[in-house]
Amino acid sequence: MTSDIVGTRRPALMPRQAMHRRRRRIASSRARTVSRCQERKEHPLAMPRFFDDQQYAIIQAACARLIPTDDDPGATEAGVVDYIDGLLGAFASDPPLIWAGGPFSGRFGGEPRFSNFHRLSRHDELAWRTRIEGSRGIEERERLGPVIGWQEHYRAGILALGADFCDVSPEEQDRRLRANESFVDLLYEHACEGMYGAPEYLGNRDHLGWRYIGFPGDVQPRGYPDDEVSEP
Amino acid sequence: MSRDFDAIIIGSGPGGSTAADVLTAAGWSVLVFERGKNYLINLERPSELLAEFSNDEIKYLSRHFLGPDPWLEPRTFRVSPAEGEHRFIGDVNNLPATVGGGGVHADGKVPRFREEDFSLLSHLGPLEGASVADWPISYDDLEPFYTEAERLIGVAGEAGANPFAPWRSDPYPMPPGPPMYSALVTASAASRLGYHPYPAPTAVNSVPYDDRPACNNCGFCASFGCPIHAKGDPVASLRRALLTGRAELRPEATVSKILVRNGQATGVEWIDGEGNHRVENADHVVLAAGATETPRLLLLSGIEHPEIGRNLMFHFQTLTFGQLPQRVHGYKGRAVTHLHDDFIPVDAEAREAARAAGLPWLRGGMVEHGAAAYPVTEAKYYPWGPRHKDLMRASPMREHLVVLTMQGEDVPQRTNQIDLDPKIRDIHGLPVARITYQPHRHEVVASAHYAPKLEAILKEAGALRTGTITSPGFGAPFARHRGIPAAVPTSRHVMGTARMGCDPKTSVCDAWGRLHAIPNLIICDSSLFPTASGYGPTLTLVALAIRATRALAS
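Chains as they are written, first to last, in numbering that gives the first Met the number 0: chain A, 0 to 231; chain B, 0 to 553.
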């Protein structure tokens, strides 16, 4: 019964070697096209899903303004852009990266199963593809009217931030972000999820988001002892 | 092709699961329909519970894991018909669509109603513009079933700790769980001001109970499914029902119509996961889809009664926030561990406040002593830029915020109602529920009367600053928060849309939950409530379901 509802295997990823080849190619091409932006960090599940090199670099630079690096790590170190790439490209894996598995992540014991993403039902896939990809004139996606998907919001937002976004001053970057308020509202929602959500969604790398705020994260099956609950 | 059952049960939440348990124990065969997915129990080996729920803020709070997806199954909302067909399409006080229903996401506060909650009209008198009514049963009628419900779902509590509690025949099955530090701080402040906080009766195991473990305080409680089944969600009832071999549970199966012939329900039409329309027959139909979907399904089935969908009630929530200087780690523990009921009895001060506002009386509700918890939610409240990091480190919300929530009595009004939206359809092509709702002046006045008292408690607790919001909000009803207008109530306590009573003209169901006009169609959810009280509805609807289905099977 379980297997009808829940994916029991890990998401089908690119073969590891191919992934590394593509990463190297991206890294070298980015050196030409993007000067001041950070290199894509290694992550066991990260792979190019939706963003091209330049889009990746611009979103990474924008997130670095939203959740900056100071004495503590920020969006860049925590791989927030990988979370967003994982959301916009959720359907590049099977099962898609929508609902992580359970019950335990393994961080506090138990078998780690968060990376076993759930299979989606026919209707859930329709809802999530509509949300992410937009309705694009497809009849069954326009039951409640046309939907502009997150992918399109990001494409338009990236264009509005400008191809030179990585190279302008931080003040100019902030000015451009403030001038694109509705896009930044969406970006910030996703950035917060990528910074402080479970790492299995590809953000919050090495629990950097949780560590600097002192949040233990998911603690099952250990939980907290009673005295920690009741005492200061 | 189709098999016959003694009863078809629509909905697997606390009401439907209870009905399945009671009816199968009496030897009946039942078929339970659930439109959502099953993450709760192995249907082939029901002694085995599924382990699918997790401590995952993204999955539950950002991505509708428990359903319903507001795009697949939206609802519509308007404050009044003057606004046209609707003002908002999306999540309107949605309860989970999953096996276990609202029992899965709740943090399990399960108080009983008080004696006078069953006879508000006799006790306090009418209220202009409201359809206040007595229940057709008394607290004494329901008390044995309350006791049984507490044993059935497993409630931890302390008899005698609440001076405003109704009488009870038995102690709680379990002692209270560990109190949260934040609640100890606010509860002791409330005591110093003369109030009477007490350990919240909670359907979360404080000790191993019914083959399920004690809660380990993981903190992902309200809005989350419990990874270790320490919550008294309906898994206990479902497991017992399935183990009899006389119950079949069919998830991802949406009932689209109740079939009625000559004043008798004969079965249902339903839609399977592939979109096929099918029929099942039974001698009885138990409707337990919740107080929004139950009237919707009655209307979709062409069942007529002038009160169906009317007298819709939510609790009017007054949420008072205080920022304490010390860290209170509200993410450790079971969300809320203390309540106080001092704002429920109508005292001299409340009577005076009512008189000043031109009302005959006013009632508040139980007050939950809680704290805020999760970092993604917290982060989204803060601005971006360098301040984001400073605020996340200092954490005025997650680490320092305490919250008192008054679940204010919401008086019934005929004009607050569920009907079928004329335009919007769900993914199955069925008209969705349209909610037309605005609070009575009673709720607004009661909230304004008690909010300063809530703030005074938090100041006594040492809060550096306090503030109060309400749900629904008033003033700017279509200002949006997280995409949902402030006018849309978010209590997740929905009641009253098929009220029970003695008079078939003014009530939909009788004292046993049977439709006056269709006696083999029985409602087992909070649609039955003639009034809302100021207490969470779950235990009362479970007690009603035990009483109704036991009578049915005898």
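Keep in mind that the hints were calculated from the coordinates and are not lab data. Given the structure is predicted, the values throughout are model-derived calculations rather than measurements. From the three backbone atoms N, C-alpha and C, an ideal C-beta is built for every residue, glycine too. Take the hints with a grain of salt, since some may be wrong.
Unchecked claim - With the Cβ distance kept under 7 Å, some of the chain B side facing chain A (calculated, not the full set):
hint, residue
1, Glu51
2, Asp55
3, Glu56
4, Ile57
5, Pro177
6, Tyr194
7, Asn216
8, Cys217
9, Pro226
10, Val375
11, Ala378
Status of each hint after checking the structure:
For the restraint placing glutamate 51 of chain B at the interface with chain A, the shortest Cβ-Cβ distance is roughly 5 Å, inside the 7 Å limit, so the hint holds. Of the supplied interface hints, the one on aspartate 55 of chain B holds, with its beta-carbon coming within about 5 Å of a beta-carbon of chain A, less than 7 Å. For glutamate 56 of chain B, the suggested interface contact is upheld, since its CB lies about 6 Å from the closest CB of chain A, less than 7 Å. A least Cβ separation of about 4 Å between isoleucine 57 of chain B and chain A falls short of the 7 Å threshold, and the interface hint therefore holds.
For proline 177 of chain B, the interface hint holds, the least distance from its beta-carbon to any beta-carbon of chain A being 4 Å, beneath 7 Å. With its C-beta approaching chain A no nearer than about 20 Å, tyrosine 194 of chain B sits outside the 7 Å limit, and its interface hint is violated. Interface restraint check for asparagine 216 of chain B: the shortest CB-CB distance to chain A comes to about 4 Å, inside 7 Å, so the restraint holds. A cut of 7 Å between beta carbons decides the hint on cysteine 217 of chain B: the least distance to chain A is about 5 Å, and the hint holds.
For proline 226 of chain B, the suggested interface contact is upheld, since its CB lies about 4 Å from the closest CB of chain A, less than 7 Å. Annotation: interface hint on valine 375 of chain B holds; nearest CB of chain A at approximately 5 Å, less than 7 Å. Proximity of alanine 378 of chain B to chain A holds as hinted, the smallest CB-CB distance being about 4 Å (cut-off 7 Å).
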